[in-house]
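Engineer: Keeping the supplied structure of chain G fixed, place chains D, E and H upon it in accordance with the hints.
Chains G, D, E and H, in that order, give the protein sequences.
Start counting at 1 in the first sequence, then tack on 41, and there's your number in my numbering.
Start counting at 1 in the second sequence, then tack on 14, and there's your number in my numbering.
Start counting at 1 in the third sequence, then tack on 428, and there's your number in my numbering.
Start counting at 1 in the fourth sequence, then tack on 1471, and there's your number in my numbering.
Keep in mind that the hints are not guaranteed to be accurate.
Unchecked claim - Result set (BS3-like, lysine-lysine): computed pairs, CA atoms no more than 30 Å apart in a straight line:
no.: 1; chain 1: G; residue 1: Lys462; chain 2: H; residue 2: Lys1547
no.: 2; chain 1: D; residue 1: Lys216; chain 2: E; residue 2: Lys584
no.: 3; chain 1: G; residue 1: Lys534; chain 2: H; residue 2: Lys1547
no.: 4; chain 1: G; residue 1: Lys153; chain 2: D; residue 2: Lys216
no.: 5; chain 1: G; residue 1: Lys534; chain 2: H; residue 2: Lys1478
no.: 6; chain 1: E; residue 1: Lys584; chain 2: G; residue 2: Lys153
no.: 7; chain 1: G; residue 1: Lys153; chain 2: G; residue 2: Lys481
no.: 8; chain 1: H; residue 1: Lys1531; chain 2: G; residue 2: Lys462
The set of hints was computed from the structure by calculation and includes no laboratory data.
Since this is a predicted model, take the numbers as computed values, not measurements.
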Amino acid sequence: MSDWDKGRRARAARIAAGARFAQGKRVDARDATALLEAVIQPGDRVCLEGDNQKQADLLAAALIAADPAVLHDLHMVQSGVVLPEHLDVFERGIARRLDYAYSGPQSQRIAKLLFGGRIELGAVHTYLELFARYFIDLTPQVALIAAVSADRNGNLYTGPNTEDTPTVVEATAFKDGVVIAQVGEIVDELPRVDIPGDQVHFVIDAGRPFFVEPLFTRDPGAITETQILTAMLALKGIYAPYGVRRLNHGIGFNTAAIELLLPTYGERLGLKGKVASHWALNPHPTLIPAIESGWVEQIHCFGSEVGMDAYIRARSDIYFTGADGSLRSNRAFCQTAGLYACDMFIGSTLQIDLAGHSSTVTTGRIAGFGGAPNMGSDARGRRHPSEPWIKAGAEADPGEKAALRRGRKLVVQIGETFGEKNTPMFVEKLDALELAEKLKLDLAPIMVYGDDVTHIVTEEGIANLLLCRDADEREQAIRGVAGYTDVGRARDKAFVQRLRERGVIRRPEDLGIDPLDADRRLLAARSVKDLVHWSGGLYAPPSKFRNW
Amino acid sequence: MSAASAATRIDDALAQSWYEASARQRVDALLDRGSFVEFIGPERRETSPHLPLFDLPEQFDDGMIVGRGRLDGASILIAAQEGRFMGGAFGEVHGAKLTGLLRAARELRTPVVIAFDTGGVRLQEANAGEMAIAEIMRALLEARLAAVNVIGLVGGRAGCYGGGGLIAACCSALAVSEQGRISVSGPEVIETNRGVEEFDSKDRALVWRTMGGKHRRLIGGAEIFVDDTVASFRAAAIALLARAPALTRAMLVAEQARLETRLDAFGDCADALDIWRRLGIADAASVPAMSYGEFDALGARITEVIHDAR
Amino acid sequence: MTLAEILASLFPRGSSVVVEDGLIHGQGRRVDGSPLHVIGVCERSAVGIDEAAKLARHVLEIIAGEDSAPILVLIDSDSQRMSKRDEMLGLNEFLAHLAKCLILADVLGHATIGLLYGHTAAGAFIATALATRTLLALPGAEPVVMDLPSMARVTKLPIETLQAMAKTTPVFAPGLANLAQTGAVAATLDPQRSLAAQVEEILVANAREAGKDERDVLGKRRNGRTKAADIALRVQELARAST
Amino acid sequence: MEHLNYKHTARARATGEKKQALVGVVASGNLEVLVERVLPGNECEIDIRTAAEGFGEVWKEVVADFVGRRSPGGLKFSINDGGARPDTVALRLAQAARALEGDGT
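Excised from the complex, chain G in its bound form (with noise of 0.2 Å):
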């Protein structure tokens, strides 16, 4: 006779182990260590929740506190690789292999740790990738997971920072896996609920919040004038002539620019209305200006950020709220939004090659994807019609007949030709494919491929490599907006020169834009205050951005 509920089984035997720790679902924070010795077994496949934003900063403490006797070869499957006690749990040998996302703050270490063979990677995908593979060959065995609070039931509220949990729960919980939630605090009655109860095993009061990084805050005051003029080029030579309405930015300091010209370059520009009204994108500060001038209609956000909390609440027409008036995010939501129902995702980058192929993969440094390859590749299944995919399609392909034509998402690479430390944006040869020679990887990390990307802006000037025909009109055109960097000053000035006839280079001049008048006083607000100010006091930074 067949056995078909082995899984259903062992979660019941796991739980039963746990449960000595526990009354009802709840186990006190002193015994998380022994809670995750319990239920988690050596090999499993273990989601620690944390992704470029929230952490379950007290599971993961517990974890590496663990007994490596007893915990190890355990196959860590998450978005974020982001606290030090991520690659701890590596180093105490509790796990051995990786499958993650995204490693902003801790990009050299982990770099470090894989040169070391301490980590046994599997792949380094984007956000939906990784989701995507939780359903099909990356099912969790345990998660541990993150929320505000919980009730007797188990019950979460996850609140404005949702972000990765539905997803992570879903998987794991209906696929026989057990999960564990931190809570900030047990309550009688829930603001709402974002999981419900029989989907959560066990319950941690952790006592005080989940830590969130404020990764999408931008002070104004340390936008340079070059950062403003890539704004000002952007938005007359892409925003306009497209009339892009519906897109997704990066967290840089060149879309931060633009988002603080719309209510004044933009203005003025006449571009109210027409551009920039639909979003995918985290509750950046820098867009309180132009929402406060009614340039934007609404707003999906992967998570939250820290201090908008108010703010969102009391703008609830443009982002979306649940009954209590909170933000409820969904990272998976909002990056299949951003796949498919954004016509730009514009973004900055570390390394551009002469395809135009873009990494943030530099040597020593392994950042991981994230969700920028989500909103910065061309969606192959999108359907709908839109204004500027089709123009977009249309440069790309104008041989092709119309009904037939598949549009093109813009993808627009913006930033300065030099970063920081004077490092050269524009490369021969990205830093990613030596780290694939060294690790031996199939692929290279590369962020964005070159077939992706539409548009290049510096402040030099836009490439656009739509209306590239063959590889060496694109290696001129990218070597055309280089500037100084080797690669720009190895240009053919003569082929630049009839790529600018032809429209494919637009100078600041082609584009009736004077680099001198890029000037700070164009930005809505210059400081953090300033956007305070324009929040009517609803926005409140987190200290380290105050000078006040």
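Structural biologist: Showing chains D, E and H alone in chain G's frame:
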């Protein structure tokens, strides 16, 4: 703030942020248009003889601009520090320019405006910088003893730290904006020497409520609280120059009393919030977030700081 | 020399000088029997708001008194007190107030003489020793504006490099000789001779000179600050010419 | 510190009457440009002291492009550089030239 006002302020030089402006922009916008005459300008290339020793770049004016100009028609001497060059720190040349200006002020009986923006003594020429501060203080006080008014303006990026804080407190009167910080030891210095439990330099709200412009205004460390615009600083300088309380023995006796009263009243407070509460501000925690207008009204209600005791 | 030795050498017939909580105040007699006021900081105490207020009060009391006797400021201090409380309550005002009182006393005829016999640093140095008209020192005094370990941290230069550089210039490294060369210290006294006699010589010499601040000129003469005096003078001339 | 000096002949003499101007400050990633109307005819000189060593080739091109784009004849540019990126250098040079032409401050 509306989009329209955001757009219009772009073209208005006087609406420019003091905090963001360079020392040269501050001088130009503070004075009556076109009236500035610089002494030992950048074309003289009187740079620091010490920075090359450390392989550091020089600045043609060594981060200190001094000269004469008119303020609301009146002839004044003016000095401004560039807070972004070496953190506005006092070095030999930088300091000597201000010393000379203050000595001239005494001799010519001409009032002085000083736009502070400094982290204190310049490390690479620390002894020369320390001496410059001592000489500036003496020259400043001798000018004041000769009934010459010296007004200090604080609202720059580098704040007004170290010896700069002492010089500022020697002025006849001070105007400070919210961004302005006045203190002797900087947050990092306190944290390095006494530990993060004594002072967490990364807690910027703490830094500002301990050293920032609003706190200084509330305890009487500055006479006028100004908005972060060049126009607001200009108006404050004009207002403060109009009253000329000379430095006298009586003035210092009054200052002694003022400072001892402060010690008695607030010496046991653990935090600036306690001081503000004791001053009668019920919702002390709301002070940092207040706009210029709100705070100015509150300040006027709570304390009178034109005390003639400085 | 210890404070007791200094006082004994200054006032062989005794004095009313007392030490309280690291601060010095009192009075002794000069050779001619006239009074000499004494204030100061000892035991390497930090100068914070409380200390500055007490010292300033002493100075104001001296000014309020009958005589126009000189004031001797003895210094063996730490730097300014580095604390949240001191800065919160306006340490800059307290230190500046102390300096003002000393400078006012000098202008009103109480010649001020500083005697640096131990350590001093940074803001405490400015508000006490450097606020006197004439600063004297005893061998072994250690004035510090910026200590080399801190400098090494900020400049990212090894201490050995800084020490080597300090041999060619007095402008940044701590120590009596360096400060003296930049013009801070008028003279270093001989501990083998009577301090009373040496101070007396200075007081007599000072009485003949005007109260002009010539430390920058001294620093130029000693080749410690080559530019300051000329720059200050040039600015003064330009200001005069601009009227 | 590295010292660089470039001499060019501009297409035309710079317009305006102002004798000198200064833009920028010396800070990390920033620079100051002092421009003086002191050279005869169409001569143009750019004198640079920079904290970032080994970027001579880049400076040469930035300067050549600037002289080609504007017409800074008769002007001497003296630069103290705190390691600014080429885009900032180009911007400051243009600001300096405009400041001397007198339109704007």
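Engineer: Run every hint past the structure and note whether it holds.
Structural biologist: Outcome of the hint check:
Proximity of G/Lys462 to H/Lys1547 is assessed by CA-CA distance (about 28 Å); at most 30 Å being required, the pair is judged to hold. Taken as a hint, the D/Lys216 and E/Lys584 pair is honoured in the structure, with Cα atoms around 22 Å apart against an allowance of 30 Å. The hinted pair formed by G/Lys534 and H/Lys1547 meets the criterion: a straight-line CA distance of about 28 Å does not exceed 30 Å. Distance check on the hinted pair: G/Lys153 and D/Lys216 sit about 29 Å apart at the alpha-carbon level, within 30 Å; holds.
Taken as a hint, the G/Lys534 and H/Lys1478 pair is honoured in the structure, with Cα atoms around 23 Å apart against an allowance of 30 Å. A threshold of 30 Å between alpha carbons decides the hint, and for E/Lys584 with G/Lys153 the separation of about 26 Å falls inside it, so the pair holds. Distance restraint check for G/Lys153 and G/Lys481: the Cα-Cα separation of roughly 15 Å lies within the 30 Å cut-off, and the hinted pair is therefore satisfied. The hinted pair formed by H/Lys1531 and G/Lys462 meets the criterion: a straight-line CA distance of about 20 Å does not exceed 30 Å.
Comparing the model with each numbered hint stated earlier shows that all of them hold.
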